[in-house]
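Enquirer: Protein chains in written order, with the UniProt record's numbering: chain B, 1 to 348; chain U, 1 to 348.
Rather than coming from a laboratory, the hints here were simulated on the basis of the structure.
Treat the hints with care, as some may be off.
Pairs count within a copy or across copies, as identical chains cannot be separated in the list.
Only pairs whose alpha carbons sit at most 20 Å apart, straight line, appear in this in silico SDA-like list of lysine to any residue [said to hold, decoys possible]:
no., residue 1, residue 2
1, LYS293, HIS234
2, LYS272, GLU345
3, LYS61, MET113
4, LYS61, ASN116
5, LYS268, PRO297
2 protein chains.
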Amino acid sequence: MNRKITLKQIAKELDVSISTVSKALKDSPEISDDTKQKIQAFAKLYNYKPNNIALSLKNRKTNTIGIIIPEIVHHFFSKVIRGVELVANQRGYNVIIGLSNESFSKEVINMEMLANGSIDGFIISISKETQQLQDYHHLTATINQGMPIVMFDRVVSEIECDKVIVNDFNGAKNAVEKLIENGCKSIALITTKDYVSVGKLRTQGYIDALSEHNLTLESNLMLKMDDTLDYEEHLDLLESEITQLFKSNQKIDGVFAVNELYALSAMKVARKLGLSVPEDLQVIGFTDGVLSKHATPGLTTVSQHAQQMGEKAAHLLIDKLESENTDQEEEYQTVVITTDLVERESTK
Amino acid sequence: MNRKITLKQIAKELDVSISTVSKALKDSPEISDDTKQKIQAFAKLYNYKPNNIALSLKNRKTNTIGIIIPEIVHHFFSKVIRGVELVANQRGYNVIIGLSNESFSKEVINMEMLANGSIDGFIISISKETQQLQDYHHLTATINQGMPIVMFDRVVSEIECDKVIVNDFNGAKNAVEKLIENGCKSIALITTKDYVSVGKLRTQGYIDALSEHNLTLESNLMLKMDDTLDYEEHLDLLESEITQLFKSNQKIDGVFAVNELYALSAMKVARKLGLSVPEDLQVIGFTDGVLSKHATPGLTTVSQHAQQMGEKAAHLLIDKLESENTDQEEEYQTVVITTDLVERESTK
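All chains should be modelled from the sequences, with the hints used to inform the complete structure.
Expert: Printed below as a string of structure tokens:
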């Protein structure tokens, strides 16, 4: 494949920053003659052609941030957006939102559309399909074009950029340990299939907590839901799976669910089966949702601080956009937002 | 003010369609010589200059729809977006979303940004501040530029465009009549201040239902909340107002609330005051929210069919964008989505 060499590749090859390369190619007086000659020669050798889109982007600041999220009917993502909006407004930026609907191709289309001069940078949580396909070329291409990306929640270790995550593993582990402390002996897990990165990490937290407390890991206590279905529209399916779980394992006295809907459905099924929450069954979910707060009994949850994630992501992106210290462009941070266990009535 | 004459004004003045004017000015063979001469003379007389943005928009189809909504942490709006997305995807369009955060200036900025070549048309529900200011120049300017708008839910009678609304008046009236049929004698209303168009219409439905059933309208049974506050963040304030309402009017046996949060708060306050729902107090809300479904007891609500609103709005907009029959460009529809009363456990 006869690929064009990029600014980034030149920078890597010569062990300088992208901005140094960019300045050298523009014959900037900021760069020493020695470095300029080396970079210009290298660029000539490899037939470097400036990327016009990237150049026009560099020249035209839109003061707009693009957010790409998998879905909109989801309290977590809307809270993240609120956080981004808050900081963006404070710092003089506008926000526009594209939805991937959990589809790889929609994610790519949306990013290409917005990257084409509408925005200065992206805040993104990738779609489930992108996670399954493990195809991140659109992210790489955007970054190589000189447009910064901040990933949140569903992040990818292969992509070098700023990231904001919650400690899913620890959050889950703490939740399960709370159930153990509260006397639960047989704790079920309701989670997603493993390709969803956060589901996987929360599942590992569950496994680790059981193991550290010498509780046997029983695969029949782990219900892994197919997360491509919209369970809000198919509550009956979700509930019948959980009913099955409870009926086949009558000793279950605790449930850790990796999201709010699974947790609330577990409480509902328990009620139908004549089990009292928290007396017979203690339940903990993982979310910032409003349902947890308004449920009866109120649901104990691992709070993800979604708004705080959005605020942090916006600060990271705008810092990068406004950074004068261009030699540090290549330094990326991963900020871990600590989860809290919000105790309500679904645990003792 | 020395305003430039627009295509639309020429069209209105000469009683022809905008597209006829546009075609005449381009000397199109589709238009009769007589009409062309008349239009060209008029345009010359009034020094008409083509709007470059509008022209470039006309020439460059983005196949993208812009949605402008007041807030994102709101199940109604996210459901509308889901409806728009569904139809847009089916018909080969992409969707991007701008948030006004209930602010007039943010609404204007977002529309200007997106109208500048990113999208083909808008689907919009205006901000509370825009409703208060009654300043719709940004909507008029967009339409005059040749970019179609479909308004939904919070619409403005002064703006000529396609609209999708629910019958707020009838929905509210039916809900209050349900309470009356169920034996309620003293029905409280929890609503917003009157500048919110949907709040006002729902309030009128309440008033009409009482009046038709010869129940006295008591102003102290009507709690009008300041809707500029985010009550999700200030539940205590909302609850203390409702507590006050119930304590000062102990005969209240029914509540109609114009949204989900007010209705759920009423149920919560009732529980705290030792009232049973629905035995002592019957409650009906107005929403499509998830909270109503998951609440205990489940909340009876007027369902707005938000997703259906979004689907209809998308069809109207795309029909307009793809319309060949340009002479009908000036015909606008207002589609009224019928509400349903979804009966759950909060009514007898």
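Enquirer: Of the numbered hints stated previously, which ones are contradicted by the structure, given in increasing order?
Expert: none
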